[in-house]
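K.L.:
Just so you know, the protein sequences line up as chains A and B, in that order.
If you're matching positions, the first sequence starts at 1 in the numbering used here and goes up one per residue.
If you're matching positions, the second sequence starts at 1 in the numbering used here and goes up one per residue.
I should point out that these hints are in silico values taken from the structure, not numbers from a laboratory.
Any given hint might turn out to be false.
[As the list claims (entries may be wrong)] Here are the computed lysine to aspartate or glutamate pairs in the EDC-like style, where the Cα-Cα straight-line distance is at most 16 Å:
(1) A/Lys83 - B/Asp66
(2) A/Lys69 - B/Asp76
(3) A/Lys188 - A/Asp253
(4) B/Lys50 - A/Glu55
(5) A/Lys190 - A/Asp21
Keep in mind the model is a prediction, meaning the values are calculated, not measured.
Read off the chains here:
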Amino acid sequence: MNRTVIINDDNYREYFHPIVDGEMRKHGLIPRDYTTHPVGCYAAAKPFDIPLIPESEWAGRLAAQIAAKAQLSDVRNRGMGGKPIPSRDQDGKGYCWAHSSTSAALIVRALDNQPYADLSAFAVACIIKGYRDQGGWGAESLEWIAENGIPTSQFWPQQSMDRKNDNPEMRANAKLHRFTEWMDLEPKNKSQLVTCLLLGIPVVSDFNWWSHSVCTIDLVSLEPFQTRIWNSWKDSWGENGTGLLEGNKAIPDGMIAPRVMTASIT
Amino acid sequence: MTERRRYIAAGLLVALMVAHASKGGWHTPHSRIINAPGLHVMIVTERGTKLPTDQQPILTSGDVRDVLNSACPLIDTDTGWKFFDKDEPTEGLSQVWVDALARPRESLPWLIISSDKGSFEGPLNKDVASFKAHLAGYVK
Chain A
1 MNRTVIINDD
11 NYREYFHPIV
21 DGEMRKHGLI
31 PRDYTTHPVG
41 CYAAAKPFDI
51 PLIPESEWAG
61 RLAAQIAAKA
71 QLSDVRNRGM
81 GGKPIPSRDQ
91 DGKGYCWAHS
101 STSAALIVRA
111 LDNQPYADLS
121 AFAVACIIKG
131 YRDQGGWGAE
141 SLEWIAENGI
151 PTSQFWPQQS
161 MDRKNDNPEM
171 RANAKLHRFT
181 EWMDLEPKNK
191 SQLVTCLLLG
201 IPVVSDFNWW
211 SHSVCTIDLV
221 SLEPFQTRIW
231 NSWKDSWGEN
241 GTGLLEGNKA
251 IPDGMIAPRV
261 MTASIT
Chain B
1 MTERRRYIAA
11 GLLVALMVAH
21 ASKGGWHTPH
31 SRIINAPGLH
41 VMIVTERGTK
51 LPTDQQPILT
61 SGDVRDVLNS
71 ACPLIDTDTG
81 WKFFDKDEPT
91 EGLSQVWVDA
101 LARPRESLPW
111 LIISSDKGSF
121 EGPLNKDVAS
131 FKAHLAGYVK
């Protein structure tokens, strides 16, 4: 397809089960229940702990970011030795919630200029769900990644659900790619979302209306309010794997913002 | 104070003035801060800190990254520039970066440039243009 996708209140139903490359794409989000999993319940995640950027500064900071080509999509587009980092591919499984956090991990590594590591989200989802094709939410995968890490495809091939992948070598490799700092944002909190994006922090975003979890990488405009999300439906979806969400559709129901990972050269 | 001591004091003062860069940091001619050949650039910051509007984009600027990618050497699969968070675990890093991160810093964000033409360590520049101009002085 490779064209700009803008999803808003008028057309969002078209994106529930789109066909990409002849295949129906899946989602997999189970909405996080904030009564049983409130903000701050995850041991490794602090509640949002940075000063909010006042709304009066949003337009100026966004203009400066765009003028300097300093959005996270600019980082992603150079993150593999100067070339774009490939989008993840959940391959028709309900594992969006592990791919959104893995996409964020790729961005955090690229922010540091760590060498590209072809991280395999299937490892995270398969182990958490006992190799069943089941849904989840972003924070679920982040918590696991903070403790165990994500292996590269050398140790857990992309889209593989083979139990033999889970071996000591894979576990050792995964430990090289762990989140060490991340924030648990309040659901639907637009100010926290915008602050993260203006400070160059990716946001793992759960959208209940879409039953989907993706990684929000850019604030695109304020009027109308638009964000750029990085999907896990391969590069052939939208514009090199990314699309724009508009208005209410851009405000996630669940948000997690990873800031720091372990540094590694592989 | 004897005349000899006066000469020594004046010499030290001149050396200090040469070493102190006009950008607010320390420029050391003909010596590398980072113990590796070629241009190496490191910025240490605290991710999530709100920086001034024009300084913030340095950390994510595509233009800055293009310049660094072309100027810094590729060593095996790793390149000669890094933007670290101050609390980033270092166990997976090469010793070059571990040593650079261990150097004392007076503030954040903190910049180190190390090259065959000299070195700099001090506060990060105020905007993308001044950072690129500063960097150009160390590129062959």
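K.L.:
Of the hints given before, which are not true for this structure?
P.N.:
2, 5
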